[in-house]
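Visitor: Residue numbering for the sequence shown follows UniProt numbering, starting at 1 and increasing by one per position.
Everything labelled a hint here was simulated from the structure, so no lab data went into it. Any given hint could be a false lead.
For lysine to any residue, the following SDA-like pairs were computed, each having C-alpha atoms within a straight-line distance of at most 25 Å [said to hold, decoys possible]:
{"id": "1", "residue 1": "282", "residue 2": "139"}
{"id": "2", "residue 1": "44", "residue 2": "31"}
{"id": "3", "residue 1": "325", "residue 2": "194"}
{"id": "4", "residue 1": "325", "residue 2": "164"}
Pair ranges (Cβ atoms, derived) [said to hold, decoys possible]:
{"id": "5", "residue 1": "30", "residue 2": "212", "range": "57 to 63 Å"}
{"id": "6", "residue 1": "78", "residue 2": "41", "range": "37 to 43 Å"}
{"id": "7", "residue 1": "242", "residue 2": "90", "range": "48 to 54 Å"}
{"id": "8", "residue 1": "90", "residue 2": "176", "range": "38 to 44 Å"}
Even glycine gets a Cβ: it sits at the ideal position worked out from N, Cα and C.
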Amino acid sequence: MAKVTRDDVARLAGTSTAVVSYVINNGPRPVAPATRERVLAAIKELGYRPDRVAQAMASRRTDLIGLIIPDARQPFFGEMAHAVEQAASERGKMVLVGNTDYIGEREVHYLRAFLGMRVSGLILVSHALNDLAAAEIDAWDARVVLLHERPEAIDDVAVVTDDLGGAQLAVRHLLEHGYEYVACMGGTADTPAVGDPVSDHVEGWKRAMAEAGLSTEGRLFEAPYNRYDAYRVALEVLAGPNRPPAVFCSTDDQAIGLLRAARELRIDVPGQLAVAGFDDIKEAALADPPLTTVASDRSAMARAAVDLVLDDGLRIAGSRRERLKTFPSRLVVRASCGCLD
1 MAKVTRDDVA RLAGTSTAVV SYVINNGPRP VAPATRERVL AAIKELGYRP DRVAQAMASR
61 RTDLIGLIIP DARQPFFGEM AHAVEQAASE RGKMVLVGNT DYIGEREVHY LRAFLGMRVS
121 GLILVSHALN DLAAAEIDAW DARVVLLHER PEAIDDVAVV TDDLGGAQLA VRHLLEHGYE
181 YVACMGGTAD TPAVGDPVSD HVEGWKRAMA EAGLSTEGRL FEAPYNRYDA YRVALEVLAG
241 PNRPPAVFCS TDDQAIGLLR AARELRIDVP GQLAVAGFDD IKEAALADPP LTTVASDRSA
301 MARAAVDLVL DDGLRIAGSR RERLKTFPSR LVVRASCGCL D
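Working from the sequences, and respecting the hints, build out all of it.
Guide: This is the structure in structure tokens:
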């Protein structure tokens with residue numbers, strides 16, 4: 001059977017191949033509704049399937065969006081990737097996902113691979129973008145949107161949440177319960193000091209403590225972002241002589257690890273220890289006890305990132321501050337802080 005071509009569709013629909021292309025690609029020119037219906041009917045009748053490879057070669061762009069994240073095994077990044085995929089699907093795009101495992105060389109590898117495939121745009125969740133990665137982006141003149149984090153190395157448009165303000169909300173809420181002080185589970189020694197959400201969470205904790213006239217000296221302990229390593233750190237902290245009355249964790253994954261350590265040590269939460277997290281991953285509501293946390297609108301953030309990376313008209317000029325699209329965060333109160341469900 002001969003391969004059905006765009007010429008065949010145009011002939012059956014009684015229109016030009018250019019109009020068929022406009023219908024298939026939803027632009028760049030509008031098509032009258034009646035004409036569009038004729039083209040779609042011809043496509044269905046003939047069983048026409050566009051040659052996406054040929055289209056990509058002609059336009060030097062594919063229907064793909066590259067998404068680079070640190071680790072999809074962590075629930076927050078898995079949920080974020082799913083939200084990006086849904087938003088891209090609404091725009092007729094597919095998503096390629098690369099996991100860096102927080103390794104700079106792997107980030108550069110995916111940048112080169114995705115940009116070399118001529119993706120329509122790149123959404124980057126970078127833990128600490130290095131100069132080599134930034135140079136790679138500049139070399140390709142890529143359309144890049146930063147999501148969740150905003151490394152100092154590049155000055156592309158960023159979609160973030162109010163991490164600092166959200167952390168302050170959580171710590172103030174814990175202090176309002178009357179706890180003597182709130183400790184903080186922050187990031188690790190290599191957590192970037194600027195542009196990283198966890199750094200902002202720690203800064204928000206410091207500001208809320210300062211507002212209450214409380215010292216933070218000796219009350220910040222380092223832990224990886226995932227629950228497994230955070231659990232090991234929490235065992236040491238909670239079994240020590242200076243167990244804190246309340247802990248604000250920079251991520252929900254850390255908080256879940258902390259809750260597990262508390263159960264093993266027979267520490268009642270929230271009776272003997274109050275806990276709050278940040279991210280509001282789905283598991284937070286099912287934790288034991290349910291976790292008080294800070295939520296951001298990941299679906300809206302993902303949709304904004306996809307829109308920005310696809311639409312030239314939405315690119316923002318001006319200062320770094322003007323190039324930030326910041327979504328508000330909100331406190332989600334559950335039982336782990338001492339509040340009743």
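Visitor: Now, for every hint given, state plainly whether the structure supports it.
Guide: Consistency of the hints with the structure:
1. 282 to 139: Not satisfied, since the Cα-Cα distance of roughly 39 Å exceeds 25 Å.
2. 44 to 31: holds (18 Å)
3. 325 to 194: Judged against 25 Å, a Cα distance of about 17 Å means the pair holds.
4. 325 to 164: holds (15 Å)
5. 30 to 212: 57 to 63 Å: Cβ of residue 30 to Cβ of residue 212: about 59 Å, so the range 57 to 63 Å holds.
6. 78 to 41: 37 to 43 Å: Since residue 78 and residue 41 have Cβ atoms about 40 Å apart, the given range 37 to 43 Å holds.
7. 242 to 90: 48 to 54 Å: The hint (48 to 54 Å, Cβ to Cβ) holds, given that residue 242 and residue 90 are roughly 51 Å apart.
8. 90 to 176: 38 to 44 Å: Between residue 90 and residue 176, where Cβ atoms are some 41 Å apart, the hint holds.
Checked against the numbered hints given earlier, this structure breaks only hint 1.
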